[in-house]
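Since the structure of chain A is provided, determine the placement of chains B and C on it from the hints.
For the record, the sequence lines run as chains A, B and C. Numbering follows the working numbering, in which position 324 of the first sequence is assigned residue number 324; successive positions increment by one, without gaps. If you want the working numbering, it's the position in the second sequence, counting the first as 1, plus 385. If you want the working numbering, it's the position in the third sequence, counting the first as 1, plus 770.
Hints in this document: simulated from the structure, not taken from any laboratory. Certain hints may be false.
Derived pair list, reagent style BS3-like, types lysine-lysine, alpha-carbon separation capped at 27 angstroms [as the list claims (entries may be wrong)]: (1) K355/A to K323/A; (2) K1093/C to K1152/C; (3) K1035/C to K265/A; (4) K767/B to K708/B; (5) K906/C to K946/C; (6) K1035/C to K650/B; (7) K176/A to K265/A; (8) K1035/C to K946/C; (9) K265/A to K650/B.
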Amino acid sequence: MPGAYLPTPADLRVQFALRFAALDLMATKKTTEGNFFEDFAAGQVFHHAIPRTVTDGDVALYIALTGDRRPLHCSSEFARSLGFERAPIHDMLTFHIVFGRAVPDVSLNSPANLGYADVRFLTPVFTGDTLRAQTKVLGRRETSRDDVGIVWVHTTGYNQREEPVLQFYRWAMVNKRDTNTKTDEDFAPELPAEVATGDFLIPEQLDLSSFDPVATGGDAFWEDYEAGERVEHPQGITIEDAEHQMATRLYQNTARVHFNQHLQKSSRLGTRIIYGGHIISVSHANSYDGLENAIRILGFNAGAHANPTIAGDTLYAWTDVLKRIDLGRDDAGALRLRLVGVKNIDPREEPIELKSKDPERDRESYNPNVVLDLDYTVLMPKRPA
Amino acid sequence: MPGAYLPTPADLRVQFALRFAALDLMATKKTTEGNFFEDFAAGQVFHHAIPRTVTDGDVALYIALTGDRRPLHCSSEFARSLGFERAPIHDMLTFHIVFGRAVPDVSLNSPANLGYADVRFLTPVFTGDTLRAQTKVLGRRETSRDDVGIVWVHTTGYNQREEPVLQFYRWAMVNKRDTNTKTDEDFAPELPAEVATGDFLIPEQLDLSSFDPVATGGDAFWEDYEAGERVEHPQGITIEDAEHQMATRLYQNTARVHFNQHLQKSSRLGTRIIYGGHIISVSHANSYDGLENAIRILGFNAGAHANPTIAGDTLYAWTDVLKRIDLGRDDAGALRLRLVGVKNIDPREEPIELKSKDPERDRESYNPNVVLDLDYTVLMPKRPA
Amino acid sequence: MPGAYLPTPADLRVQFALRFAALDLMATKKTTEGNFFEDFAAGQVFHHAIPRTVTDGDVALYIALTGDRRPLHCSSEFARSLGFERAPIHDMLTFHIVFGRAVPDVSLNSPANLGYADVRFLTPVFTGDTLRAQTKVLGRRETSRDDVGIVWVHTTGYNQREEPVLQFYRWAMVNKRDTNTKTDEDFAPELPAEVATGDFLIPEQLDLSSFDPVATGGDAFWEDYEAGERVEHPQGITIEDAEHQMATRLYQNTARVHFNQHLQKSSRLGTRIIYGGHIISVSHANSYDGLENAIRILGFNAGAHANPTIAGDTLYAWTDVLKRIDLGRDDAGALRLRLVGVKNIDPREEPIELKSKDPERDRESYNPNVVLDLDYTVLMPKRPA
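Isolated chain A, as found in the complex (with noise of 0.2 angstroms):
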């Protein structure tokens, strides 16, 4: 179902061709204040401006902001050594790219970002290629509340030969322009539960049988996790500002809420809150030491930012192994896993439970130490004969 969402080159021209046509009619309007609820309609395509052609200035910054040390996109030699011509970006690279793309024109006004679905890693991107985006709307869903409601999305990222290099199902909370606007709309889609196994893209050039351990430092391999297995991560990272704030524009990403102190002095939190992307990058850095052997994402399944975080919070990170998935190769395996990220707390010192039952309200919620949770799933070598 997803392929629907790859536009062939003619239907971009056509599509190309409408947007110019609309953008005539728009020509007085010098500044927008991004779209809102009522703008939103099913079967709407934005064909997302900017588009951004990776660097490696790009890449040392990706190392730099999060901590990443996986050896596929810092070591050409090890790159070459599993069949590719050069290192390609980090899997994040490429998603952050593609979703700062579609902020301008998606989620500029949205307090939260509730859900992600059938995330996909598709083409590996590598420095030069330049990334572009477009989003189609799936539906929209009032809320019990008067002030917000509910966009589903569809993004796919292309490289500049119109190959998908990404794409995602995405939900998110988005302002009403006017309270007062009752649409009675109620279509949530249905979306994958999981990326199906079938769809998981390896790169064709990837051969994983002279796999070199030495390369990541990990002494595990596929058959060496259990399902029901947890792994600790000794790694706590504190964020500031400027670092997230740096990471965030260098994705072009324009959330109003990342940068703007004088705006956000008067919000809930008092501060800037971390674009939760950068959380997804920092708790997967953090989680090398025990997976130091995954060697790309595949995919999201789901995924939660059940907490905000703000500059000063030190992030920790576990992983619960959810399974082992054989993908009919001698070389490798797919792994699904649950990495969950954590502020201020250290979970090897310290358990907590990820969700406690609220009392008041008579369900359960995330502890509020509890920022990430994500469900997702690695290529991982399987251990030399």
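Chains B and C only, in chain A's frame:
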């Protein structure tokens, strides 16, 4: 006239030889405090040290530190669609690197930069180019104060092929070494009030006839802007010490007031002052929304750093359209703009006068929240037929 | 003798095989707390994980984070004028990347690095090179404390052609896993008191006979420095948490004390400690003025991180000239220097003794403002005839 400052290779050889001879005599002096008012003389030429090769790393940091989104500088595909072989670097990045070269010789002892004139962006700069700069002293003048004078200079930046990439006049307050010095100098050169239309350099390879507004996200073309119109930019950005320090060091600008808290804690502001050029860059980046199709900075006619900024300040911007200039081309025209940067006030929420009457001094002065008043000219595509 | 630690490719294959066998046995252990004092044994060799390709992004970040201005590393034109094909990276960037590789195996449980010896900068590193490192354990010794011992190691960094790029001895305090452990080990290897003059590696392609001092801005050549002379560097730089964290993560150095405020808040200092290598880099960058023509670091003879630094500290530096060393070349000689870094005091304004007598302990100790005492040797062009 400014052509007079573009020396031939033969001139350069002579100047290098002279300078080398001068070095010989000063060999026992290992460090310098920089030049003071007494050290400047009209006609003097400084060949600034530290040639600088621009790289993808600089470009990525420029984006991360300023929030720049102009696709000409971040998409090689978009650059190629306009006739370039690949993406030229941001005009302001060229400015900062050239300006940074000049600081050790010109403004290490300058408490304030007073103005710019006839700032012209010339041959575009690409990653891999190596920039150097030189400055000719034009004149100096005593002031009513014993401790400072004013020095006028003309600086030119060159690439490795000795093609000029930038030139500008600048005048700055400069400390005296000795408050008893009385030079009786009173020469202020006459400077152009604006960049002459005939002096705008439009890169030969640039062809805007197939300009794609989907790539910029911009709805407005040259014809859509009217003199007198105000564009209020929605973005607001808070600047951290780590950010402006990294930017200023990237440009190898060594002015102490930007980096040295131990020195600055006893200053009037009590803290580090943000490099004025960083304020231009952030304000220019903020001005993207509403001016998406501005393709190049052609020149600065005049500019003032109206008030200092420090870490924690949030910058907003608006642009007043001053004039539409027809360049006699079918694909593009020029727009003369006034970019105003303000701090800690959102001008869309709270109207602010640029200047107000100072009752004590009976003259107009900038509102204390105004930090930048830049009169500049950009190249803007015409609406396709 | 140090040549003994440069293994042949055949050695490497054997060592890799042995390590791989070791991995096999540890496969069920997913994360490690790093090695403790008990885990080290003389003769042991660590092949450090995570090979790292150096890029233009690393070079730009190095400049932005340290304030480095040496034109050999930022100008490919200047590098070519000295015989290189393009600009080699800064010697300290090579140091940090090699050092960072070794941290997870060697110093994750090290509360203090005690010293360096015979640090030699070998084959120059260029962007595109991929660095890896290995460390041989030389010995260990119990101390008067129950909880820590001292470990001596020798680390070598290699490029992708297995050419050594850096080697150094280092000894560090290392925590015991169990305070009851008594090894009775008391072996401290004898280390060279200085890098032997014959061991300095001067890159073959380097030719300083047409050295252009206009490019460096430096007035002084090898002959102009006298033993006993002090050069006081004017620059002072305040370090922010975001800056040293980015630098240390760029080098993929995982020592927790630099990143984890949640952990550090209960430490003696109450905050994150800045990576000592960053202090060397910033002090070395501060030392540019007065030593502009130093073209390469040949080696460190000895070095001490005299006191810790934290965010908000302002660093100043001075250099004492220890010795002029003739290398038997016409174009250049070596200078042995002592680089002293101090915090929160400008030594040009307020003289400061390097060490003072501690009355209680009846021995000399570093002044609390001194943070770095580095005895090192640089290559310096001779004055052209």
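Assess, step by step, whether the Cα of K1035/C is no farther than 27 angstroms from the Cα of K650/B, and give holds or violated.
Given pair K1035/C, K650/B holds - Cα atoms ~26 angstroms apart, limit 27 angstroms.
Straight-line alpha-carbon gap K1093/C to K1152/C, limit 27 angstroms:
It holds: about 15 angstroms lies between the C-alpha atoms, which stays within 27 angstroms.
Restraint check for K906/C with K946/C, where alpha carbons must lie at most 27 angstroms apart
holds (19 angstroms)
Does the structure keep K1035/C and K265/A at a Cα separation of 27 angstroms or less?
holds (26 angstroms)
Keeping to a limit of 27 angstroms between CA atoms, is the pair of K767/B and K708/B held or broken?
holds (15 angstroms)
Is K355/A within 27 angstroms of K323/A, Cα to Cα?
holds (21 angstroms)
With a cut-off of 27 angstroms on the C-alpha distance, tell me whether K1035/C and K946/C pass.
Holds, at about 22 angstroms.
Can you confirm whether the C-alpha distance between K265/A and K650/B stays at or below 27 angstroms?
holds (26 angstroms)
CA of K176/A to CA of K265/A, is that 27 angstroms or under?
Holds, at about 22 angstroms.
The structure fails none of the hints (numbered hints given earlier).
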